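S.K.: As a plain string of letters, each chain reads:
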Amino acid sequence: MPVGDIDVLAGLDGIPDGLAEEATELALIDHHVHGCFADPIDRATFEEAFNEGSPDPIPSFMTQFDSQPGFAFRRWCAPLLGLERHAAADDYWAARAALSPAELDRRLLARAGVEHWVMDTGFNTRAITGPAEMAAESGGATSEIVRLEAVAESLLAARPGAGAVASDFPEDFRAAVADAAGRAKGFKTVVAYRTGFDIDWTPPSDADVSAAVARWQASEEAVPRLVDPVLESFVVHTAVATRLPLQVHVGLGDRDLDLHRTNPMLLLPLLRRPGVRGTAIMLLHCYPYHREAGYLAQAFDDVYFDVGLGVNYVGAQSRQLIAESLELAPFAKQLYSSDGFGLPELHLLGAVLWRRGMAEVMGRWVAADEWSEADARRILRLIGVGNARRVYDL
Amino acid sequence: MPVGDIDVLAGLDGIPDGLAEEATELALIDHHVHGCFADPIDRATFEEAFNEGSPDPIPSFMTQFDSQPGFAFRRWCAPLLGLERHAAADDYWAARAALSPAELDRRLLARAGVEHWVMDTGFNTRAITGPAEMAAESGGATSEIVRLEAVAESLLAARPGAGAVASDFPEDFRAAVADAAGRAKGFKTVVAYRTGFDIDWTPPSDADVSAAVARWQASEEAVPRLVDPVLESFVVHTAVATRLPLQVHVGLGDRDLDLHRTNPMLLLPLLRRPGVRGTAIMLLHCYPYHREAGYLAQAFDDVYFDVGLGVNYVGAQSRQLIAESLELAPFAKQLYSSDGFGLPELHLLGAVLWRRGMAEVMGRWVAADEWSEADARRILRLIGVGNARRVYDL
Amino acid sequence: MPVGDIDVLAGLDGIPDGLAEEATELALIDHHVHGCFADPIDRATFEEAFNEGSPDPIPSFMTQFDSQPGFAFRRWCAPLLGLERHAAADDYWAARAALSPAELDRRLLARAGVEHWVMDTGFNTRAITGPAEMAAESGGATSEIVRLEAVAESLLAARPGAGAVASDFPEDFRAAVADAAGRAKGFKTVVAYRTGFDIDWTPPSDADVSAAVARWQASEEAVPRLVDPVLESFVVHTAVATRLPLQVHVGLGDRDLDLHRTNPMLLLPLLRRPGVRGTAIMLLHCYPYHREAGYLAQAFDDVYFDVGLGVNYVGAQSRQLIAESLELAPFAKQLYSSDGFGLPELHLLGAVLWRRGMAEVMGRWVAADEWSEADARRILRLIGVGNARRVYDL
Numbered sequence: 001m002p003v004g005d006i007d008v009l010a011g012l013d014g015i016p017d018g019l020a021e022e023a024t025e026l027a028l029i030d031h032h033v034h035g036c037f038a039d040p041i042d043r044a045t046f047e048e049a050f051n052e053g054s055p056d057p058i059p060s061f062m063t064q065f066d067s068q069p070g071f072a073f074r075r076w077c078a079p080l081l082g083l084e085r086h087a088a089a090d091d092y093w094a095a096r097a098a099l100s101p102a103e104l105d106r107r108l109l110a111r112a113g114v115e116h117w118v119m120d121t122g123f124n125t126r127a128i129t130g131p132a133e134m135a136a137e138s139g140g141a142t143s144e145i146v147r148l149e150a151v152a153e154s155l156l157a158a159r160p161g162a163g164a165v166a167s168d169f170p171e172d173f174r175a176a177v178a179d180a181a182g183r184a185k186g187f188k189t190v191v192a193y194r195t196g197f198d199i200d201w202t203p204p205s206d207a208d209v210s211a212a213v214a215r216w217q218a219s220e221e222a223v224p225r226l227v228d229p230v231l232e233s234f235v236v237h238t239a240v241a242t243r244l245p246l247q248v249h250v251g252l253g254d255r256d257l258d259l260h261r262t263n264p265m266l267l268l269p270l271l272r273r274p275g276v277r278g279t280a281i282m283l284l285h286c287y288p289y290h291r292e293a294g295y296l297a298q299a300f301d302d303v304y305f306d307v308g309l310g311v312n313y314v315g316a317q318s319r320q321l322i323a324e325s326l327e328l329a330p331f332a333k334q335l336y337s338s339d340g341f342g343l344p345e346l347h348l349l350g351a352v353l354w355r356r357g358m359a360e361v362m363g364r365w366v367a368a369d370e371w372s373e374a375d376a377r378r379i380l381r382l383i384g385v386g387n388a389r390r391v392y393d394l
Numbered sequence: 001m002p003v004g005d006i007d008v009l010a011g012l013d014g015i016p017d018g019l020a021e022e023a024t025e026l027a028l029i030d031h032h033v034h035g036c037f038a039d040p041i042d043r044a045t046f047e048e049a050f051n052e053g054s055p056d057p058i059p060s061f062m063t064q065f066d067s068q069p070g071f072a073f074r075r076w077c078a079p080l081l082g083l084e085r086h087a088a089a090d091d092y093w094a095a096r097a098a099l100s101p102a103e104l105d106r107r108l109l110a111r112a113g114v115e116h117w118v119m120d121t122g123f124n125t126r127a128i129t130g131p132a133e134m135a136a137e138s139g140g141a142t143s144e145i146v147r148l149e150a151v152a153e154s155l156l157a158a159r160p161g162a163g164a165v166a167s168d169f170p171e172d173f174r175a176a177v178a179d180a181a182g183r184a185k186g187f188k189t190v191v192a193y194r195t196g197f198d199i200d201w202t203p204p205s206d207a208d209v210s211a212a213v214a215r216w217q218a219s220e221e222a223v224p225r226l227v228d229p230v231l232e233s234f235v236v237h238t239a240v241a242t243r244l245p246l247q248v249h250v251g252l253g254d255r256d257l258d259l260h261r262t263n264p265m266l267l268l269p270l271l272r273r274p275g276v277r278g279t280a281i282m283l284l285h286c287y288p289y290h291r292e293a294g295y296l297a298q299a300f301d302d303v304y305f306d307v308g309l310g311v312n313y314v315g316a317q318s319r320q321l322i323a324e325s326l327e328l329a330p331f332a333k334q335l336y337s338s339d340g341f342g343l344p345e346l347h348l349l350g351a352v353l354w355r356r357g358m359a360e361v362m363g364r365w366v367a368a369d370e371w372s373e374a375d376a377r378r379i380l381r382l383i384g385v386g387n388a389r390r391v392y393d394l
Numbered sequence: 001m002p003v004g005d006i007d008v009l010a011g012l013d014g015i016p017d018g019l020a021e022e023a024t025e026l027a028l029i030d031h032h033v034h035g036c037f038a039d040p041i042d043r044a045t046f047e048e049a050f051n052e053g054s055p056d057p058i059p060s061f062m063t064q065f066d067s068q069p070g071f072a073f074r075r076w077c078a079p080l081l082g083l084e085r086h087a088a089a090d091d092y093w094a095a096r097a098a099l100s101p102a103e104l105d106r107r108l109l110a111r112a113g114v115e116h117w118v119m120d121t122g123f124n125t126r127a128i129t130g131p132a133e134m135a136a137e138s139g140g141a142t143s144e145i146v147r148l149e150a151v152a153e154s155l156l157a158a159r160p161g162a163g164a165v166a167s168d169f170p171e172d173f174r175a176a177v178a179d180a181a182g183r184a185k186g187f188k189t190v191v192a193y194r195t196g197f198d199i200d201w202t203p204p205s206d207a208d209v210s211a212a213v214a215r216w217q218a219s220e221e222a223v224p225r226l227v228d229p230v231l232e233s234f235v236v237h238t239a240v241a242t243r244l245p246l247q248v249h250v251g252l253g254d255r256d257l258d259l260h261r262t263n264p265m266l267l268l269p270l271l272r273r274p275g276v277r278g279t280a281i282m283l284l285h286c287y288p289y290h291r292e293a294g295y296l297a298q299a300f301d302d303v304y305f306d307v308g309l310g311v312n313y314v315g316a317q318s319r320q321l322i323a324e325s326l327e328l329a330p331f332a333k334q335l336y337s338s339d340g341f342g343l344p345e346l347h348l349l350g351a352v353l354w355r356r357g358m359a360e361v362m363g364r365w366v367a368a369d370e371w372s373e374a375d376a377r378r379i380l381r382l383i384g385v386g387n388a389r390r391v392y393d394l
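Chains as they are written, first to last, in UniProt numbering: chain A, 1 to 394; chain B, 1 to 394; chain C, 1 to 394.
Simulated from the structure, these hints should not be mistaken for lab results. Keep in mind it's a predicted model, so treat the numbers as computed, not measured. Hints may contain errors.
What the hints assert, rightly or not - Only part of the chain B face toward chain C is listed, based on derived beta-carbon distances under 10 Å: (1) A49; (2) E52; (3) S54; (4) D66; (5) S67; (6) Q68; (7) R75; (8) T195; (9) D198; (10) Y287; (11) P288; (12) Y313; (13) V314; (14) R356.
Said to hold, decoys possible - Here chain A is said to cover these stretches of chain B; the calculated rule only asks that three of the stretch's residues, wherever they fall, bring their Cβ under 8 Å from a Cβ of chain A: (15) 256-269; (16) 321-329; (17) 375-389.
Unchecked claim - Computed list of chain B residues with no C-beta within reach of chain A, every gap over 12 Å: (18) G139; (19) A175; (20) D200; (21) R243.
The C-beta atom is built at its ideal place from N, Cα and C for all residues, glycine as well.
Let the hints inform the model, and build the full structure from the sequences given.
M.R.: Right, dumping it as structure tokens:
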């Protein structure tokens, strides 16, 4: 599954041939990714889809094209839409708008060179392709990750107003998680968005959980949203008990999130609990706390991390971010992800920028004889494929 | 307004010609800067003026010349004083001491290539040149930024002991701000130095403000200093209501400041208030929290940032700092400043180091065909001039 | 005391000859280091000894060789064991296991080119060589640093259950510190591991100290461990009063430590105390808070820092870490250390990576004519030798 007609290492000098070949052709596992927009979108939606931080429309004085991901789209994706590299933003948009979502996916997804997409299917602000379409449009296999908060919220929504929900919730949720564990490769929590990490991580009793659910039901929101720290602790510990990997959103996200309360160091009280030992904890994204994440991945046998999302959002600066990710953590504790959502550009660019960044950073070390080329190739495979295969049992 | 006889890109290789020309000749807007010492200074004062952190004399075992800004002075400013590049510290001081302040300003300021200085006129630890002298000595235009804490303190000082001050203060302050808004281009707050950012950002009632002023008056300080969180919230919200840009000192400053309490993430409760929406919030300096500042500039339509001050203080390392500033934030949300204060070296070096850093960082991306050269030139103009012109309506 | 037959700058281009010579041959002072394992160790112990974060065995799915320090061992130390550069991990282990600890020390330590080891003798998880063996095996001189917590714990252990300990403790501890001050070059605190930095730094009264000791004695631990914030404040202030340098572990350490509570900014209340002024405070390691440490070293006359430990743990990435250490702090406020413990590889690599990183970072500045070569050489000597000689009076 080569990247095909994109020369992903174009413009980089001094990368040893074997490493360059490996970085170009390696079939990746993207261990955290979402589907693509199923329906045509307008330009405003498009531009908002690559500003992770803001839920607002892009202000009229600017275009989100003038950003690192915007420049990377125009560099790397424009040729796949029939344009010159660095095509103007308006031309890019016009070419993109002329293609159906499925055609866009076909043009972009396969060129990521991903052999397996591990998909978080629990976040759908609008119609998003599922695993079946992803597989068909990309040529890669797919697996599923189940989002804990979505499971809890659907349990509540399924029986609105029913007094029995509160008392049944602990058992119902455990059953739902057990059921999901039968088909999914892992779970994901967005506790970062809901309470931050600085909560009491003691596993709550069923009675405490039921009381929290009763309060939640009484809040009479139109769309129930899990924001209670007792319930966050409960859903996380319930998932941890299955021993499937648990993905944790860390760092960079939209502005609802208190970024400084998603510093992964605040997870220490969770990570130190004996019951958590033996379950792989996958710290996702982590920017700008990727050095802290690397520390935790060194300090705890079961902690892993990636710098997905951040790589796309810093574009041409991703080489530094990737270099910083290769500091404290043993190489067995790092993975590749794009965190692509909605725009197939993100699924592709995550791979292109990671291949470039890894090749350049490790190539520099090989050129200075600090690493051997064989080691560099091996670590590329480990982070790009091997660790994910082992942790998720793919 | 070219930089003239300084070859600002000397020693850098591989920068495309057009980008090099743009980086060398672009007439900048320095959107946050102070005046220069009006009177001759001694060597101790000189050395203390480029140690931002310490209010103490430089210890006898060292010279502040042995620092990144000290080395940059000797590299870039020495030739303008008639010395060789990298002249010895003692020679530098001797040459500098032989020139009048006005002559120093004339030699150094114009070579920054700044067409417009947006001056914070509210901090004068000693006699400092004002906008008129800056314009005359540099050839650039000037605008004024009014420091909120100075306005509040002068209101109090104007009527010491007068019982009426407390009850009149809210109205008097609003009037003073309205008056300032008629002549200034924006406001500035140093809440970072006074309380840190982790205060209650609810707009206080006039009664609460008056009570705080009464407490302040009762404190009987010789020089009244605004340190009350209620008053900080009041002065900030009063300025925000004018819709003029509000500059906020963030990060690096002298040691009176609790650096970790100036993490801009702690401004989230302020930034999320509906009343703040629509007013440009200019996060100044930000080191070492520039990645957090970039996140906020992406997440909030009205948040902007710069890495001024830091660029001067890290000298030869400024290229990495500038690279890190070009990560998350859209390019429409970044600006240039020197934060020069007292020493015209700082006004000049801010520009030289920024030109070099931008040229080198973006030049590397252009060389690797990650950015087009036209884009690099356009973003240079946007960050160096265009965004400031729009935000401050210059 | 040249590094001998290791070409420490192999593979680096463009470093001016004089700087290269200085970086290769400079005889260093390693101002914070421990002894080496005195007895043979097994492979598990070896691998655990270069994972700073985790107290657990290395998991079976990985080898700690697959990490930056592991790669650096295979690159730089393998030839000294008679192997090719980048020898396989198993071969490395076999060659190492065939040599006695003393022979390993003799092969590796001298090649660090360290003329003086300033040794922390207070941490011995197992038999470790002392100053005499270090001197004999390396050819360098040695001095001693006394660990405050170890002194306090040995006072308690010396008279277990004795009711008089609590009331005598303040005086006994002061006497022990005065005694140590007669033979040692400074003190060290691991308050980072015991309470974190966010404690009350007011010097406690003797009565408060005695009460804390009484509580401590009542806790009936098998091995008394000082974890009381009152006692931490007491031992630190007692050491500070001697005016000998006080080393403070900051940042990266094992997972018992709450990393975010070792942010050196949390030391501000200690550093601001008038009684602390005049005592050199040596912030050790600091990763990932080295930028904050640099800020403090600029802001306080008596604060110094290094990036030892981190340099070893990020291996090929150490050049960026070293570059980041050369930002805010005046060059008179930085030092070299390896923090080598147990494995003589760490004592050697600390020096090799520091020489390479400094040469490459400063060499780039010299090549771009931002620094003069003479300045680069001088600063190398200052950070590598001169500052330590002055501060510790060696």
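S.K.: Can we keep the V314 (chain B) interface hint, with Cβ of chain C closer than 10 Å?
M.R.: holds, 4 Å
S.K.: If you take the shortest Cβ to Cβ gap from Y287 (chain B) to chain C, is it below 10 Å?
M.R.: holds, 8 Å
S.K.: For D200 (chain B), is the shortest beta carbon distance to chain A beyond 12 Å?
M.R.: Answer for D200 (chain B): holds, closest chain A Cβ roughly 16 Å.
S.K.: Are S67 (chain B) and chain C close enough, Cβ to Cβ, to be under 10 Å, as the hint says?
M.R.: holds, 4 Å
S.K.: Decide, holds or violated, for the assertion that all CB atoms of chain A are farther than 12 Å from the CB of A175 (chain B).
M.R.: holds, 31 Å
S.K.: So, as I understand it, the hint says R75 (chain B) touches chain C; can you test that by seeing if any CB pair is closer than 10 Å?
M.R.: Holds - the Cβ of R75 (chain B) comes within 10 Å of chain C, reaching about 6 Å at its closest.
S.K.: May I ask you to test the interface hint for R356 (chain B) with respect to chain C, counting a Cβ-Cβ separation under 10 Å as satisfied?
M.R.: holds, 8 Å
S.K.: A closest beta-carbon separation below 10 Å is what the hint needs, so does E52 (chain B) meet it against chain C?
M.R.: holds, 7 Å
S.K.: Can the hint on P288 (chain B) be confirmed by a CB-to-CB distance to chain C that is less than 10 Å?
M.R.: holds, 4 Å
S.K.: Taking beta carbons only, do three or more residues of the region 321-329 of chain B come closer than 8 Å to chain A?
M.R.: holds (count 6)
S.K.: Holds or violated: is there a CB of chain C closer than 10 Å to the CB of T195 (chain B)?
M.R.: violated, 15 Å
S.K.: Given A49 (chain B) as an interface hint, is the shortest Cβ-Cβ distance to chain C below 10 Å?
M.R.: Status violated, d = 13 Å.
In summary, the numbered hints that this structure violates are 1, 8 and 9.
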